[in-house]
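Peer 1: In the order they appear, the protein sequences are chains A and B.
Note that my numbering gives residue 88 to position 88 of the first sequence, counting from 1, and the numbers run on in steps of one.
Plus 1000 on top of the position in the second sequence (first one is 1) and you've got my numbering.
Don't read these hints as lab results, they were simulated from the structure.
Just so you know, not all the hints are guaranteed correct.
Below, computed lysine to any residue pairings styled on SDA-like, alpha-carbon distance capped at 20 Å [said to hold, decoys possible]:
#1 A:LYS128 - B:VAL1070
#2 B:LYS1290 - A:LYS108
#3 A:LYS138 - B:MET1303
#4 A:LYS108 - A:THR201
#5 B:LYS1019 - B:ARG1221
Predicted model only: the values in this text are computed from it and were never measured.
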Amino acid sequence: MKNEALFRFLLRLGDDSLILGQRLAEWCGHGPILEEDIAMTNISLDLIGQAMSILDYAGVVEDKGRDCDKLGLLRFESEYVNLLLVEQPNGDFGDTMMRQFLFDAFRKPLYERLVNSSDKQLAAIADKSLKETRYHLKHSSEWIIRLGDGTEESHTRIQNSLDTLWRYSSELFYSDEVDNELTKTGILPDLSGIRSEWEATVNSVFQQATIVIPTNNWKFEGGRLGRHSEHFGHLLSELQYMQRAYPNMQW
Amino acid sequence: MRVLESVELEQKFQDKIDKEIKIEPNDWMPDAYRKTLIRQMSQHAHSEVVGMLPEANWITRAPNLRRKAVLLAKVQDEAGHGLYLYSATETLGADREATIDDLHSGKAKYSSIFNYPAVSWADIGAIGWLVDGAAIMNQVALCRCSYGPYARAMVKICKEESFHQRQGYELLTTLANGSPEQKQLAQEALNRFWWPALMMFGPNDDESPNSAQSMKWKIKRLSNDELRQNFIDATVPQAELIGLKVPDPNLKWNEETGHYDFSPINWDEFWQVVGGNGPCNKQRVDARRKAKENGLWVREAAMAFAEKRASRKSA
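This is chain A alone, in the form it adopts within the complex:
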């Protein structure tokens, strides 16, 4: 392998897009209003597109002949390294938007830095994805504010969504030897400012939405190391169904 740290970093990035795209696709045909059906399908499509470029590139870096389908659809559960946040079930529309918002608010500053990576391919993928992510963040922020400052019911619901999902937010900033190694070699620019930027975004949006961050700060982490929630196996059983049922075929 050319660069193991880069391979592992790309898997994390690609798996986040893939798994969240898969989750959002479950909404298709069942959205609260036709316009949102279109929006969520569109965001799902963007994320699947990102996953394809990122995992294809991961396959090149790994240099064992795996492409986005082999990596995306044929690994075992513990080999996926997405955030626990993105594999959480859709719940109601508010849960889905809160999951999306916490993620988008992280993804945007991340991509803004990755466009300056010394790795040209990674920088190019980040550049294309950043344009999409700006729209995603605008969309999810507006819904958080609308639901928080809408009716009493929507306020209660979106506060509950935040209370449930907050515990998965610390993992957004998980970092280990993979990141250290890539920062040392200059492939990753300095990522240290992402957290404060994310905090500024969520604080501002939550303030407008009149909802509050829960005081329970217990952290749920493990996805980055392949330790997943109970929900994940079910997600994979759909995601991998055809590849497992009909192995080694062209589609």
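Starting from the known structure of chain A, arrange chain B on it as the hints suggest.
Peer 2: The following block gives chain B in isolation, referenced to the frame of chain A:
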């Protein structure tokens, strides 16, 4: 006097139609013309939206990521068509939510084809190839419909539908050229969807009482049987090209007529499915109704928020 006036208006209206001048939203039109269009266009919109369900059922299980992306894009197109058609219907004074409630109460229909299940990945190919293919036959004719907003909506929609049709055919071609299991999936999908696709054109001409008036108004340009025959003539060679067998023992090219002969259609099945007894009628309408009910709090929140903002601005 008033009677005379309306006769004159109707004459002028028909003259315009005969001269191929489009009718626009603010033009005078007979009530029956307006009602016919509202019914047809809203049911067309419902068909696009209900039609998302059998395909959406396979997005999370698509066999590779490219197919997943293509299917997402396709279903998103269908949702866009629905939105476009609801908007076009609103130009006639109809209320979008009220027409949707008619769908949920069972008063309004949608294309019966979507009451058949999509049980294998190959069905996604068959739906694109046959269902979108049959829809195009209808919709190309509708591009010349006398009502301007409907005709223009159809021009855009037809472009996307013909893309879907080719995608569906390409999907099945891949299967037909694949392993024995994949070939079998493709053949079974054709067997399942062939007859329901032929039924999409509606009853035989002599059983279609509203057709004559719609033809006179140029809402409809070709008869059900003409469209069906065109579809069969275009589709049979495509099936043969990829080695699939059309499930009709009497299908035969007729040199004399220049068309394919085919077996009689099972109209009992057609009317049963139209009447609510198809394999998925209940499931489809329940899914749409549930989506609307579950989304009520979201729509209420959006309205309340918009009102708050407006009043804060004006304060």
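Peer 1: With reference to the structure, classify each hint as holding or not holding.
Peer 2: Consistency of the hints with the structure:
With a CA separation close to 19 Å, the supplied pair LYS128 (chain A) and VAL1070 (chain B) stays within the 20 Å bound. A distance of roughly 34 Å separates the Cα atoms of LYS1290 (chain B) and LYS108 (chain A); the hinted pair therefore is violated under the 20 Å criterion. Among the hinted pairs, LYS138 (chain A) with MET1303 (chain B) is consistent with the structure: their alpha-carbon atoms are about 19 Å apart, no more than 20 Å. Simply put, LYS108 (chain A) and THR201 (chain A) have alpha-carbon atoms about 10 Å apart, close enough for the 20 Å limit, and the pair holds.
A C-alpha spacing of about 14 Å is found between LYS1019 (chain B) and ARG1221 (chain B), which places the hinted pair at or below 20 Å, so the restraint holds.
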